[in-house]
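Student: Read off the chains here:
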Amino acid sequence: MNINSQIGVSTPRKESWDKVTGRVKYNGDIIPTGTLHGKILTSVYSHAEILSINTSKAEISSGVQGVVTSAQIPILTGPLIEDRPPLAKDKVRYFGEPIAIVVANTEEEAERAVRLIEVNYKPLPVINSINDAIKPDASLVHDSLGTYTCDADDIFPKAHTNIVDEINIRKGDMDIGFSESDIIFESTFKLPQSDHIAMETRNVKAEILPSGKVVIYTSTQAPSSVQKDLSKAFSIPESDIAVKVPLVGGGFGGKSNTFLEYLAFIASKAVNGKMVKISNTREQDIMSAPSKIEVEATLKIGATKDGMIKALRSRYYVNCGAYSDSGPRMARAIASECSGPYNIENIYCDSLAVYTNHPYVTAYRGFGHLSLTFCIERMLDKLAKKLDIDPLELRIRNGISPKDLSPTQAKIKPSNIGNLSKCIDRLKELIHWDEGSIVKMANGNIRAKGVSCFWKTSSSPIDASSAVILTLTSSGEINLNCSVVEIGPGTKTALAQILAEKMGMDVNKIHVKLEVDTETAPIHWKTVASMSVFMAGNAIINAAEDLMTQIRHIGSKVLDCSPADLDISNQRVYLKDNPNIFIDFKDIVHGYKDPLGFAFGKQIIGHGTYFMKDLTIMNKETGMGYVGVSWSVGAQAVEIEYDPLEFSYRLINAATVIDAGKVINPKSARSVIMGGMSMGLGLSTREEFIFDDDGMIENSSLRTYKVMRFGEQPEYIVDFIETPQGDGPFGARGMGEHGILGMPAAFANAISSATEEEFDYIPITPESIWKVKTGGKYDTF
Amino acid sequence: MIKFSGKTVLNLNINGENLDVVVKPSDTLLYTLRNELGLTGAKPGCENGDCGSCTVLIDDWPIKSCLMLTVEAKDKKITTIEGLKNAPIQKAFVENFAFQCGYCTSGFLMVCNSLALHKPKANNHTIQEWLQSNICRCTGYEEIQSAIKSIINNEI
Chain A
0 MNINSQIGVS TPRKESWDKV TGRVKYNGDI IPTGTLHGKI LTSVYSHAEI
50 LSINTSKAEI SSGVQGVVTS AQIPILTGPL IEDRPPLAKD KVRYFGEPIA
100 IVVANTEEEA ERAVRLIEVN YKPLPVINSI NDAIKPDASL VHDSLGTYTC
150 DADDIFPKAH TNIVDEINIR KGDMDIGFSE SDIIFESTFK LPQSDHIAME
200 TRNVKAEILP SGKVVIYTST QAPSSVQKDL SKAFSIPESD IAVKVPLVGG
250 GFGGKSNTFL EYLAFIASKA VNGKMVKISN TREQDIMSAP SKIEVEATLK
300 IGATKDGMIK ALRSRYYVNC GAYSDSGPRM ARAIASECSG PYNIENIYCD
350 SLAVYTNHPY VTAYRGFGHL SLTFCIERML DKLAKKLDID PLELRIRNGI
400 SPKDLSPTQA KIKPSNIGNL SKCIDRLKEL IHWDEGSIVK MANGNIRAKG
450 VSCFWKTSSS PIDASSAVIL TLTSSGEINL NCSVVEIGPG TKTALAQILA
500 EKMGMDVNKI HVKLEVDTET APIHWKTVAS MSVFMAGNAI INAAEDLMTQ
550 IRHIGSKVLD CSPADLDISN QRVYLKDNPN IFIDFKDIVH GYKDPLGFAF
600 GKQIIGHGTY FMKDLTIMNK ETGMGYVGVS WSVGAQAVEI EYDPLEFSYR
650 LINAATVIDA GKVINPKSAR SVIMGGMSMG LGLSTREEFI FDDDGMIENS
700 SLRTYKVMRF GEQPEYIVDF IETPQGDGPF GARGMGEHGI LGMPAAFANA
750 ISSATEEEFD YIPITPESIW KVKTGGKYDT F
Chain B
0 MIKFSGKTVL NLNINGENLD VVVKPSDTLL YTLRNELGLT GAKPGCENGD
50 CGSCTVLIDD WPIKSCLMLT VEAKDKKITT IEGLKNAPIQ KAFVENFAFQ
100 CGYCTSGFLM VCNSLALHKP KANNHTIQEW LQSNICRCTG YEEIQSAIKS
150 IINNEI
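Chains as they are written, first to last, in numbering that gives the first Met the number 0: chain A, 0 to 780; chain B, 0 to 155.
Simulated from the structure, these hints should not be mistaken for lab results.
None of the values given here were measured: they were computed from a predicted structure.
Virtual Cβ for every residue (Gly too), placed ideally from N, Cα, C.
Misleading hints may appear alongside valid ones.
Below, computed lysine to aspartate or glutamate pairings styled on DMTMM-like, alpha-carbon distance capped at 20 angstroms [to be verified]:
id: 1; chain 1: A; residue 1: LYS705; chain 2: A; residue 2: ASP691
id: 2; chain 1: A; residue 1: LYS776; chain 2: A; residue 2: GLU756
id: 3; chain 1: B; residue 1: LYS90; chain 2: A; residue 2: GLU14
id: 4; chain 1: A; residue 1: LYS90; chain 2: A; residue 2: ASP28
id: 5; chain 1: B; residue 1: LYS84; chain 2: A; residue 2: GLU14
id: 6; chain 1: B; residue 1: LYS23; chain 2: A; residue 2: GLU107
id: 7; chain 1: A; residue 1: LYS24; chain 2: B; residue 2: GLU35
id: 8; chain 1: A; residue 1: LYS24; chain 2: B; residue 2: GLU81
id: 9; chain 1: A; residue 1: LYS13; chain 2: B; residue 2: GLU94
id: 10; chain 1: A; residue 1: LYS90; chain 2: A; residue 2: GLU117
id: 11; chain 1: A; residue 1: LYS592; chain 2: A; residue 2: GLU645
id: 12; chain 1: B; residue 1: LYS23; chain 2: A; residue 2: GLU714
id: 13; chain 1: B; residue 1: LYS23; chain 2: A; residue 2: GLU108
id: 14; chain 1: B; residue 1: LYS76; chain 2: B; residue 2: GLU128
id: 15; chain 1: B; residue 1: LYS6; chain 2: A; residue 2: GLU108
id: 16; chain 1: B; residue 1: LYS75; chain 2: B; residue 2: ASP58
id: 17; chain 1: B; residue 1: LYS148; chain 2: A; residue 2: GLU711
id: 18; chain 1: A; residue 1: LYS88; chain 2: A; residue 2: ASP142
id: 19; chain 1: B; residue 1: LYS148; chain 2: A; residue 2: GLU714
id: 20; chain 1: A; residue 1: LYS612; chain 2: A; residue 2: ASP726
id: 21; chain 1: B; residue 1: LYS90; chain 2: A; residue 2: ASP17
id: 22; chain 1: A; residue 1: LYS601; chain 2: A; residue 2: GLU476
id: 23; chain 1: A; residue 1: LYS772; chain 2: A; residue 2: GLU645
id: 24; chain 1: A; residue 1: LYS666; chain 2: B; residue 2: GLU94
id: 25; chain 1: B; residue 1: LYS23; chain 2: A; residue 2: GLU110
id: 26; chain 1: A; residue 1: LYS705; chain 2: B; residue 2: GLU128
id: 27; chain 1: B; residue 1: LYS73; chain 2: B; residue 2: GLU35
id: 28; chain 1: A; residue 1: LYS385; chain 2: A; residue 2: ASP759
id: 29; chain 1: A; residue 1: LYS512; chain 2: A; residue 2: ASP28
id: 30; chain 1: A; residue 1: LYS304; chain 2: A; residue 2: GLU185
id: 31; chain 1: B; residue 1: LYS6; chain 2: A; residue 2: GLU107
id: 32; chain 1: B; residue 1: LYS84; chain 2: A; residue 2: ASP17
id: 33; chain 1: B; residue 1: LYS6; chain 2: A; residue 2: GLU106
id: 34; chain 1: A; residue 1: LYS304; chain 2: A; residue 2: ASP181
Partner residues aside, some chain B positions facing chain A, computed with beta carbon under 8 angstroms [unchecked claim]:
id: 35; residue: ASN34
id: 36; residue: GLY40
id: 37; residue: CYS45
id: 38; residue: GLU71
id: 39; residue: GLN89
id: 40; residue: GLY101
Here chain B stands alone, though its shape is the one from the complex (with noise of 0.2 angstroms):
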């Protein structure tokens, strides 16, 4: 087991770049990411892991960041929405007017961007699955399910 107390500097990989940050035991990886590294593309939205606002990849699968310890986040890879560089699915967000307020659209971008990568003919019962972590309160999700079917070669 890790132990941390007090200050301590720590080396994360966050979109293909090792970062020092310094951080307390204490520190959500939310709160890390957007007010030690300025990275605040990742949202509070509940801080309790009901929203999906704050989605992020951890050694690419989704995970909530309000609901993990920066801490535990050493030695894995961690992408955040400024990891994605024209990413299939920000098109076909932007295609299929997939967001309004755009709140939320961090989050959704990651769990499909995550779906995407690990289930490429994913039926619509398991896209249901996935996205079913995150809220949005503008759209309809019909928007949002026309863009992750258009880059998943939905077969089976």
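With the rest of the complex left out, here is chain A (with noise of 0.2 angstroms):
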């Protein structure tokens, strides 16, 4: 009766011919007749007092059917303060902030409109850096920081500061650590804002219906925290929001804020509820939506000779911009896990967030972890040339294992964290690692291995939840209804999996509901932090006992027997002892008919949720605190071959070898890592916004703002190990986002052993090697 596994099978995804066809639909395909166009004015400075905006010629040019300004809705919105106005009031925070918005019959008259609106500017002071934000008399970002509504308990604003909040980290003795140490040493670092560049632009369309209804149909990673936000906002119940999301063009933390869904909101209510569409451009979706926080970081080392860590003492600034949104909880994360994956008895650690005249920040792939990684992990390298020490040794030696605490303090378990030295081991293998880490070659070219080490947690809200409803067709297939949201890793496909590994039937009879409606589906807290095959996942292994114990009950009752004798497999329930004796889901699920004519039983329907366990806030003063409900560890190497002529590189091989507790589907895990490991060689060697001295981007569009392309990857090599996670859903853990993590740290790492410069940022280009290496002196700037 027993069929082949369903997972660690490369099941294709569920929606893959719709995809390949060009039939899926995303949210900006589907433009019902009637639909109003909404456009959105942007700033052109990046800090400046809105001393006038005149509509009058807006209001009158053709098609236009509503104007709207912060006059109209005089609210703040923000998850954890509120502090962002949706369009700007009395002052622009960043170049590319919404002013105003023209709803209009086409998208041409809004356009056309948004450029007759005046807008009068005094300009004030630029906060364009870190450094700016933080000095003595720095000009305020907000002047009422400190009055605002702040929606988390933790969070710590600085009253006439540009600091949002500090984290600090205090385990164990600094003295201590360092009087124990041989070797003490400092370095500081820098990773750029940059962007996360979803193929699909944010885009939303809102209308309000008559009944009072407010449907939101958008682009997002978040449909649980669209309604929630809104409602907030416009103090509209909860469940007279609907937010429907059909598959979304790719996230990477993007798309989890509320953002568009407020301005088209607005633009419906100007328009008596008809429902409009706003589409941002790409030079919107860059400049005008939240993009990636930016770091700078010092950290001190100490260590003994033989290369044990004994202290650590870092500071961190994160640039959130010009508004905090999930900023401070990134920073939160970097000071959580500030040591990597390594055991350090003393940790001293104070992140701060900070704001800027740049566009404001949300979640990115890695929440934070990819800076930490970068930095611990170019100490750890410079550790171990200092001591002359093999990198990969040094971090088996301060490999962090079950027993040690995390830098909050949490209890590391076998049960709760992947398997760091064998990580190790494999890529030692798999690099050919003790080939050399550097090798001149007959051309004069330098070849380097560089690598990196990286640990993540989720960072979640203590509360996180999911839930699942399983209902059944009459031929006895299932129906699988979440909330999470695909947004490209086949993660619906992968429930399927688990679904029908734990049901024993074959993954085609599981019916995906692919899109997201907040009407039928439970709650899931958001698809993000590398979470929903773990939180869904668990939710569909107690939605299919709740199920199977349904079904047993019935069966029982068809078969005469105690539900203790039956098992289930192949979507029928039978006799343990004789597996001859069966009935097929198909006529018991609705209720059975017996042969005589009696009709009993009833329509069986499935439910599952799943809860965050354990978790608790961090400690004001220590840091201590659980956050996270698992550790994903791994160990990754880039190879790359460098032109000492010419100052450039190519990249070779990358390498991540991650334990993913257990891989559902082995192809979408491979392809999922490499795109992180894509993503990570895109900010190690590109990815940054340039900003001018007033504080705008300059550039906004995918001309100027360089991404990998075909042909520029190197060799990808990703392997698994497989340590089970004690409460996942078959032993999974997060890996989502992990391909990205130590990339450029192993990326900077080779770059600095194959020029014997040591690179302490990202990006790094041909251009600043040589500029390093000469001074720059044939700049003729």
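Make the complex out of the two chains shown on their own, each in a separate frame, by following the hints.
Tutor: Okay, structure coming up:
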């Protein structure tokens, strides 16, 4: 009766053929006739007072149905601190900030009218860097910081400064740590602000029905949050807001906050609730919508001559841009995981989230972890070099293992962390580490390997939850409904595989509702933090058990036995002792009709839930607390070929070995890891916002903002270790974001060793190498 | 030179069918396909010719439909992803997991299909030259490379 395992199998994603035929509908593909179009006027200053806004010409422009400014919506929004007006009020705080919306019959008419709005600005001093923000006499991005409503207990904005939050870690004793050290050194690091660049730009449609129901059609990773945020901002009961999300064209964290949804709602309200569509241009998606944090950090490390790290003192500055959004939470994640996957007894860390006049930030793949990984992993390579210890050996010696304490003094247990040393051992084999990490070639070029380890936890709210509903078709197949958004990694297919495995049935008989509708699907926190398979997967296992209990119950009546005598697989319930005596799902799951004409039973519906367990908020003084349910660990490497005459390089190989707990779908998993690596190599080699002196982004199109292109990729080497996560579905733990985490560090380590210089920033371009090597002496500027 | 002013009914050859469509001189082919004909397989990604998500074939050659005016497509053979029926590259994309979110996929498929048609023995350099026109943000490109190589007789 048993069928082959449905996990550990590369089932093609459920929507594969709909995607390769262009039939899949993303939000922007559905434009009902009569939809009005909203266009946004954005700020041309990064910091300025708004003296006046004159919309009179726009209002009488042809086709215009309505114009909205902050005057009509005096509200503030934000997931932690309510500091952001959906449309700039009194002043603008970043270049690209939305100021007004025009709603017109056509996109063209809306665009034409937007240009007729006259705004009078009075420029203010621009906070154009972290350094500007923390100067004692810095001008303030938010005069009212300190009076804003905070929606979290554990956030501590400092009034009359640009500091949104400060998180402190105090573990052990720094004096002892440094006194036990034979070597102590310090370095400073910098990772610039950059963008998610999901291929589908953010876009929303909103309408308000005569009944009062608000319907939001959006490209989001967080349908439940959109519902909650709109409810709070506009005092509408959550139950009166429906959020509908089809497949999403990439997110990477960038679609996890509520942004355009506020504007589309306001726009619809301005035209009597008619449906209004707002769609970002690529330029707006880069400049106006939230982006990735900038980080600057100073780390001081103390170690014995054997390379045992005794002390880590670090100070991080996280640039949140003009509004806080989830920036402080990334500063918190950096602090809580600041050691990397290493056991360090004495750690002090201060992590400060600051405002500047740059675009505001939101979650980005890795949620701060790639920044801390870059800093700590560069430090480890420097330490290895200073002590003449093999860099991977140094990492093994310091590697964190069960019984150790994390920086927040959470207990590491065999069941909640992967096996780092196994990952390193496998990486060594795959990249032929023993053949040498640096080789001079006959043509004068240098081949260098750089390595990095990483760890990541969920950094989620302590009450994150998930749930699923299972219904059955008349042929006894299962419909799976949950609020996880399919943003690309094949999550919903992996969830179907988990259900199929648990039910002992063919995954093709599981039908996953790909679109999310908050009116019919139960709440799932957000499709973020690489936690969807973990959370929804656990809910599914729970739901499958519920379903099977009910099926066994009715099965026992039909087969005249005890439920305990029955087993389930292949969509039938049968006697354990004699599988030839069975009854098919299709005959019982909607009630049973026996041959004599009696009917009993009922329609069977399964449900299951998951609730984050045992998490706590961090202690204000020491940072003590449990911030995630598990740590995924891994080891990565990048091999480059450096040309010392041209100061240029090529990417040769890039490797990742991650302890995934259990790989549900190997090909999907490999692709998701490679995608993360590709993004990480983009950050390493080219991606950054370039600001002019006035805080304006100079590279706001895909012609000037460079990403990895086809053919530039190295050979990818990806492998998995499977140390089961105690409470993960079939042992699986998060891995969606992780490919990105160590890439910048491994790359910078490779470049540093090839060039015999220290590169403590990204991106590292041939030009930056040339400047370091020559002092930029032929630079004509 | 053809001249157009105001709204005009144009007959276009799309996916083997002749279709009448109302266009303004300023309409891009991408706009007409999506908004007038409901052929939403071609996607806006940058509307600046940088990302390739909107790629269609014009007389079998890949063209970014955001950079072409609809009126320029008159008397040409237009093929969109909706016109690709069981092309080997579609199966190759599925088998090689050559997409995740799928938003760039139509564009990549059109470029790959045209490449297979025009250069059935394309070498790595040619493949790279052709596929650099498009951006995928989800995969590592290796998956797309495996897919195109699986349908191209890579001998040269």
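Student: Against each hint, give a clear statement of whether it holds in the structure.
Tutor: Consistency of the hints with the structure:
With a C-alpha separation of about 17 angstroms, the suggested pairing of A/LYS705 with A/ASP691 holds against the 20 angstroms cut-off. Using a Cα cut-off of 20 angstroms, the hinted pair A/LYS776 and A/GLU756 holds, with the two alpha carbons roughly 17 angstroms apart. With a CA separation close to 13 angstroms, the supplied pair B/LYS90 and A/GLU14 stays within the 20 angstroms bound. Proposed proximity of A/LYS90 and A/ASP28 is contradicted: the alpha carbons are some 35 angstroms apart, above 20 angstroms.
Of the supplied pair hints, the one linking B/LYS84 and A/GLU14 holds, its CA atoms being roughly 17 angstroms apart against a limit of 20 angstroms. Distance check on the hinted pair: B/LYS23 and A/GLU107 sit about 12 angstroms apart at the alpha-carbon level, within 20 angstroms; holds. At most 20 angstroms may separate the alpha-carbon atoms for a hinted pair to count; A/LYS24 and B/GLU35 meet this at roughly 16 angstroms. As the CA atoms of A/LYS24 and B/GLU81 are separated by approximately 13 angstroms, the hinted pair is consistent with the 20 angstroms bound.
Restraint check for A/LYS13 and B/GLU94: satisfied, since their Cα atoms lie roughly 13 angstroms apart, inside the 20 angstroms limit. Annotation: proposed proximity of A/LYS90 to A/GLU117 holds, straight-line Cα distance about 15 angstroms (limit 20 angstroms). Restraint check for A/LYS592 and A/GLU645: not satisfied, since their Cα atoms lie roughly 80 angstroms apart, outside the 20 angstroms limit. With a CA separation close to 47 angstroms, the supplied pair B/LYS23 and A/GLU714 exceeds the 20 angstroms bound.
Proximity of B/LYS23 to A/GLU108 is assessed by CA-CA distance (about 14 angstroms); at most 20 angstroms being required, the pair is judged to hold. About 24 angstroms separates the Cα atoms of B/LYS76 and B/GLU128, which puts this hinted pair outside 20 angstroms; it is violated. A hinted pair counts as satisfied when its Cα atoms are at most 20 angstroms apart, and B/LYS6 with A/GLU108 qualifies at roughly 16 angstroms. At most 20 angstroms may separate the alpha-carbon atoms for a hinted pair to count; B/LYS75 and B/ASP58 meet this at roughly 6 angstroms.
For the given pair, B/LYS148 sits about 16 angstroms from A/GLU711 by alpha-carbon distance, which is consistent with the 20 angstroms threshold. About 13 angstroms separates the Cα atoms of A/LYS88 and A/ASP142, which keeps this hinted pair within 20 angstroms; it holds. Using a Cα cut-off of 20 angstroms, the hinted pair B/LYS148 and A/GLU714 holds, with the two alpha carbons roughly 15 angstroms apart. For the hint linking A/LYS612 to A/ASP726, the alpha-carbon distance of about 10 angstroms falls within 20 angstroms, and the restraint holds.
Between B/LYS90 and A/ASP17, the direct Cα distance comes to roughly 12 angstroms. Compliance with the 20 angstroms bound is thereby established for this hinted pair. About 16 angstroms separates the Cα atoms of A/LYS601 and A/GLU476, which keeps this hinted pair within 20 angstroms; it holds. Restraint check: the Cα-Cα separation between A/LYS772 and A/GLU645 comes to about 11 angstroms, which is no more than 20 angstroms; the hinted pair holds. This hinted pair checks out: A/LYS666 and B/GLU94 have alpha carbons roughly 10 angstroms apart, not beyond 20 angstroms.
With a CA separation close to 16 angstroms, the supplied pair B/LYS23 and A/GLU110 stays within the 20 angstroms bound. For the hint linking A/LYS705 to B/GLU128, the alpha-carbon distance of about 17 angstroms falls within 20 angstroms, and the restraint holds. Taking the CA atoms of B/LYS73 and B/GLU35, the gap is near 15 angstroms; set against the 20 angstroms cutoff, the hint holds. Simply put, A/LYS385 and A/ASP759 have alpha-carbon atoms about 16 angstroms apart, close enough for the 20 angstroms limit, and the pair holds.
Among the hinted pairs, A/LYS512 with A/ASP28 is consistent with the structure: their alpha-carbon atoms are about 19 angstroms apart, no more than 20 angstroms. With a C-alpha separation of about 16 angstroms, the suggested pairing of A/LYS304 with A/GLU185 holds against the 20 angstroms cut-off. For the hint linking B/LYS6 to A/GLU107, the alpha-carbon distance of about 14 angstroms falls within 20 angstroms, and the restraint holds. A hinted pair counts as satisfied when its Cα atoms are at most 20 angstroms apart, and B/LYS84 with A/ASP17 qualifies at roughly 12 angstroms.
The hinted pair formed by B/LYS6 and A/GLU106 meets the criterion: a straight-line CA distance of about 16 angstroms does not exceed 20 angstroms. At most 20 angstroms may separate the alpha-carbon atoms for a hinted pair to count; A/LYS304 and A/ASP181 meet this at roughly 6 angstroms. Below 8 angstroms, beta-carbon pairs count as interface contacts, and B/ASN34 has one with chain A at about 7 angstroms; its hint therefore holds. For B/GLY40, the interface hint holds, the least distance from its beta-carbon to any beta-carbon of chain A being 2 angstroms, beneath 8 angstroms.
Against a cut-off of 8 angstroms between C-beta atoms, the interface hint on B/CYS45 holds, since the closest Cβ of chain A lies about 4 angstroms away. The closest approach between the C-beta of B/GLU71 and any C-beta of chain A is roughly 19 angstroms, which is over the 8 angstroms cut-off, so the hint fails. For B/GLN89, the suggested interface contact is upheld, since its CB lies about 4 angstroms from the closest CB of chain A, less than 8 angstroms. Interface restraint check for B/GLY101: the shortest CB-CB distance to chain A comes to about 4 angstroms, inside 8 angstroms, so the restraint holds.
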